[in-house]
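Enquirer: Listed below, chain by chain, are the residues.
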Amino acid sequence: MTEKSSIRKLIGSVTGGGLKENLQVRLSVPPQQVQEGSFIVIDSQEWFFYGIATDLQLQAVDPRYALEPSRQRLPENLAGLLDQQTLYTNLVVLPALMLEQEPADPEAQMAWHKAIEAGDKEKPNPLPVKSIPVHHADAFLASAGDVAEIFGKPEEEGNFVIGFTREQDHPVCVNLDKLIQRSSGIFGATGSGKSFLTRMLLAGLIDRNRASVLVYDMHNEYGLDDTASDTGQNVRGLRSGFGAARVQVVGVGAGAAIRGSVPDFNLVLGYRDLLPEDIELLTLELNLKETTPTVLDALKQSFGSDHWFKAFKEMRRGAVIENEDGKKVPAPDSVAYWANQCGVNQMAAEGLHDKLRRLFNRPYILENPPADSIQAVMDALKKGKHIVLSFGDFESDLDYLLISNLLTRRIREEWEKITNEFRSGKGQEPRPLVIVVEEAHKLLNRDMASQTTFSTIAREMRKYYVTLLVIDQRPSQIYDEVMSQLGTRVCGWLGDEDDIHAALSGLAGRDALRGMLSRLQPKEEVLLLGWGVPMPILVRSRRYDEQFWKDVKSNRKVGLDQEQVIKKLYPD
Amino acid sequence: MEKIIVGRLLRSNTRACVVGCPPAQQFPAFGSLVSIPLSETEVVYGLIGDIHIDDDGLVRQLATAPSVDEAVIQDNRLNRNVPVEMTVLFVGSKTENRISHLLPARPPLSLDCMYLCSTQELCEFTAGSRFGYLRHILDAQDVPAADLLAAHLAQAGAAQRAQGNSAWFGQAAARIITQLRDDYPRLMPILETLADVENA
Ligand SMILES: Nc1ncnc2c1ncn2[C@@H]1O[C@H](COP(=O)(O)OP(=O)(O)O)[C@@H](O)[C@H]1O
Ligand SMILES: [Mg+2]
Numbered sequence: 001m002t003e004k005s006s007i008r009k010l011i012g013s014v015t016g017g018g019l020k021e022n023l024q025v026r027l028s029v030p031p032q033q034v035q036e037g038s039f040i041v042i043d044s045q046e047w048f049f050y051g052i053a054t055d056l057q058l059q060a061v062d063p064r065y066a067l068e069p070s071r072q073r074l075p076e077n078l079a080g081l082l083d084q085q086t087l088y089t090n091l092v093v094l095p096a097l098m099l100e101q102e103p104a105d106p107e108a109q110m111a112w113h114k115a116i117e118a119g120d121k122e123k124p125n126p127l128p129v130k131s132i133p134v135h136h137a138d139a140f141l142a143s144a145g146d147v148a149e150i151f152g153k154p155e156e157e158g159n160f161v162i163g164f165t166r167e168q169d170h171p172v173c174v175n176l177d178k179l180i181q182r183s184s185g186i187f188g189a190t191g192s193g194k195s196f197l198t199r200m201l202l203a204g205l206i207d208r209n210r211a212s213v214l215v216y217d218m219h220n221e222y223g224l225d226d227t228a229s230d231t232g233q234n235v236r237g238l239r240s241g242f243g244a245a246r247v248q249v250v251g252v253g254a255g256a257a258i259r260g261s262v263p264d265f266n267l268v269l270g271y272r273d274l275l276p277e278d279i280e281l282l283t284l285e286l287n288l289k290e291t292t293p294t295v296l297d298a299l300k301q302s303f304g305s306d307h308w309f310k311a312f313k314e315m316r317r318g319a320v321i322e323n324e325d326g327k328k329v330p331a332p333d334s335v336a337y338w339a340n341q342c343g344v345n346q347m348a349a350e351g352l353h354d355k356l357r358r359l360f361n362r363p364y365i366l367e368n369p370p371a372d373s374i375q376a377v378m379d380a381l382k383k384g385k386h387i388v389l390s391f392g393d394f395e396s397d398l399d400y401l402l403i404s405n406l407l408t409r410r411i412r413e414e415w416e417k418i419t420n421e422f423r424s425g426k427g428q429e430p431r432p433l434v435i436v437v438e439e440a441h442k443l444l445n446r447d448m449a450s451q452t453t454f455s456t457i458a459r460e461m462r463k464y465y466v467t468l469l470v471i472d473q474r475p476s477q478i479y480d481e482v483m484s485q486l487g488t489r490v491c492g493w494l495g496d497e498d499d500i501h502a503a504l505s506g507l508a509g510r511d512a513l514r515g516m517l518s519r520l521q522p523k524e525e526v527l528l529l530g531w532g533v534p535m536p537i538l539v540r541s542r543r544y545d546e547q548f549w550k551d552v553k554s555n556r557k558v559g560l561d562q563e564q565v566i567k568k569l570y571p572d
Numbered sequence: 001m002e003k004i005i006v007g008r009l010l011r012s013n014t015r016a017c018v019v020g021c022p023p024a025q026q027f028p029a030f031g032s033l034v035s036i037p038l039s040e041t042e043v044v045y046g047l048i049g050d051i052h053i054d055d056d057g058l059v060r061q062l063a064t065a066p067s068v069d070e071a072v073i074q075d076n077r078l079n080r081n082v083p084v085e086m087t088v089l090f091v092g093s094k095t096e097n098r099i100s101h102l103l104p105a106r107p108p109l110s111l112d113c114m115y116l117c118s119t120q121e122l123c124e125f126t127a128g129s130r131f132g133y134l135r136h137i138l139d140a141q142d143v144p145a146a147d148l149l150a151a152h153l154a155q156a157g158a159a160q161r162a163q164g165n166s167a168w169f170g171q172a173a174a175r176i177i178t179q180l181r182d183d184y185p186r187l188m189p190i191l192e193t194l195a196d197v198e199n200a
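Read top to bottom, the protein sequences are chains F and V.
The first sequence begins at 1 in the working numbering and counts up one residue at a time.
The second sequence begins at 1 in the working numbering and counts up one residue at a time.
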């Protein structure tokens, strides 16, 4: 800590409060010098307390002083003296952490350091608050040193500067390892800056080589350069930032073009890739009947998981022939014929066939694809490359749900397999993987969550080296159980009460944070929350521009050892 | 420099005393700091909190007369044997050159001499940021406390300013606010009175 970075600005002293109802600080400076969300340090004898400002209230020794402007009755100088003593601002601080201070007395200080060196005493770490500061303890705006003490030093491996404190511009880091140790979420209304923030975090993850990244890029924003919808400026994509050797853009469908460019390769599904359970996940989207599982089951029985899709697709709907008696009966290659043969309700089978016609015609589903592109994606990820799966023209919910679910199911199977191999002493340790899901509520809503692989991944956390980074504008639509598993939450402006409630679910100090979320500056500010950050903090988000890329490149750490990274990620 | 006696003590108690002086003599202004030596090394300080001119039979008669000769009026004013009475509010003391803002241990005795303090002494007594003596003024009964404060602050403020301490008045006002900020109905009129000093 340099001298300058440790200079704190005194703003007042503690006058009351508690663990439950927050701390009260009487300000000695004008209220405008402190803002909601400010990082506050309280120096109380042997302890530092850290918290954030959640409210500012105008107060008066007697309400009459506030009601009647003193300048109306008194000359300027007396009025000033009177106001100074009778009017003040109360700052409400949500305490989050406490840290033992080193003793001020030089001799005691030496003994203290010796004890730590000798291992007789633990090096003090910030702890969750279990007590409160004394009356009249001095309160300060945090210095850069304080921010670094709690959120990590920007120059340290694994730390990534996500933004800056509101008043004083001190850099605030997120720990990338913590970010991906559990699933994380980025929330905010449309236009609040989620995609820009995600680009930066991904750039950090890729740059520091913490994990392989797979992005389900529904709107083709992340891989190639994009144009900002509001400013019209060019927005660099991850592949142009890192080059195709590290980041590959995969386009859905043969011969797909993404924003007019040719992707590195294409993702094409084979008939065999589609399992009946993949269809069940589309129940809502295709408006399937409750008879669907029975029909799918019969199809699987008749033709096997590998061939049911082809067989069903090739059946003719409503085809009839005349029998010997001249009566019209279902043709042998008709849906009805098959249904009757297998004892399946004919209407149910025909209904499903009608609905699946939307799938039968998808151009990215081929009978015999030239290559196993799902395997190619997984191989690239295992090798430490990063994949941006661009949906190109296939931006419909149906395409997004089908492909992302199918691919995620396959990935999880694969990672589970290699993890088990590794645990039984065969094979290499799996490469950590982060799956990035835009519009996450489409995949993780209440109706789907119990069935999708996504919620399984969110729930089992890091067991199989795969975690999610979910991005969504409607967190209230995401299944609560998944929300509660998200370690780090980065939250931009949210207008809807339910969304705010969901974004804060399960966190301490919710009431205080709620108002803060609804008053964030869109596009500029986010609140960092959850297990992955030491305490909630409001930051002005870093700007994503050419300067950002210059900084990333000049900062690049070379020769990072994969084994070490994994050790850090999964210490136990 | 030989000090001029402005009067002699008539009666006293722990908080205050009454001093009389011949009407012919120029008596000190309301709010002035005065001293009453108790011994060689001990002085009591007080503020003139009230000036009182009593009537007598002759004045009453003259007041009812249709016309009074100017010479008679002057004669009555200067040569009457009823003294001008001054109530002096004790505000502190000095023992062996140490100034204290506590009330004197014992009051002065009858016919003790009272002197007017010099600007030098006024500055000395009100020096520093110790304004403890102000409480004696604020607590005083039977004197117009607000105006007494105003008069004192005007005089002491001017004396301090002359010595280069122009912050003194503000500091004193701040101290009064501190003492009375919990008593809005009392503080506001006092501050308004002080405002008049400022404007003057
Ligand atoms: N960190 C940032 N740096 C620069 N511009 C930003 C940043 N965050 C947001 N913006 C601006 O706000 C606009 C909306 O951001 P975006 O990430 O597309 O929102 P969302 O994905 O939440 O709908 C962007 O086009 C950009 O101009
Ligand atoms: Mg977006």
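Treat each hint with caution, since some may be false.
[Stated by the list, open to error] Derived coverage of chain V by chain F (criterion: at least 3 residues anywhere in the stretch with Cβ under 8 Å from a Cβ of chain F; other residues may be distant):
| hint | region |
| --- | --- |
| 1 | 66 to 77 |
| 2 | 179 to 186 |
| 3 | 189 to 197 |
Worth flagging that the hints you see were computed from the coordinates, not collected in a lab.
Beta carbons are placed, not taken as given, at the ideal position from N, Cα and C, and that holds for glycine.
Enquirer: Each of the hints needs a verdict: does it hold here or not?
Expert: Now for the hints, and whether the structure bears them out:
{"no.": "1", "hint": "66 to 77", "verdict": "violated (count 0)"}
{"no.": "2", "hint": "179 to 186", "verdict": "holds (count 3)"}
{"no.": "3", "hint": "189 to 197", "verdict": "holds (count 4)"}
Comparing the model with each earlier hint shows a violation of hint 1 alone; every other hint is respected.
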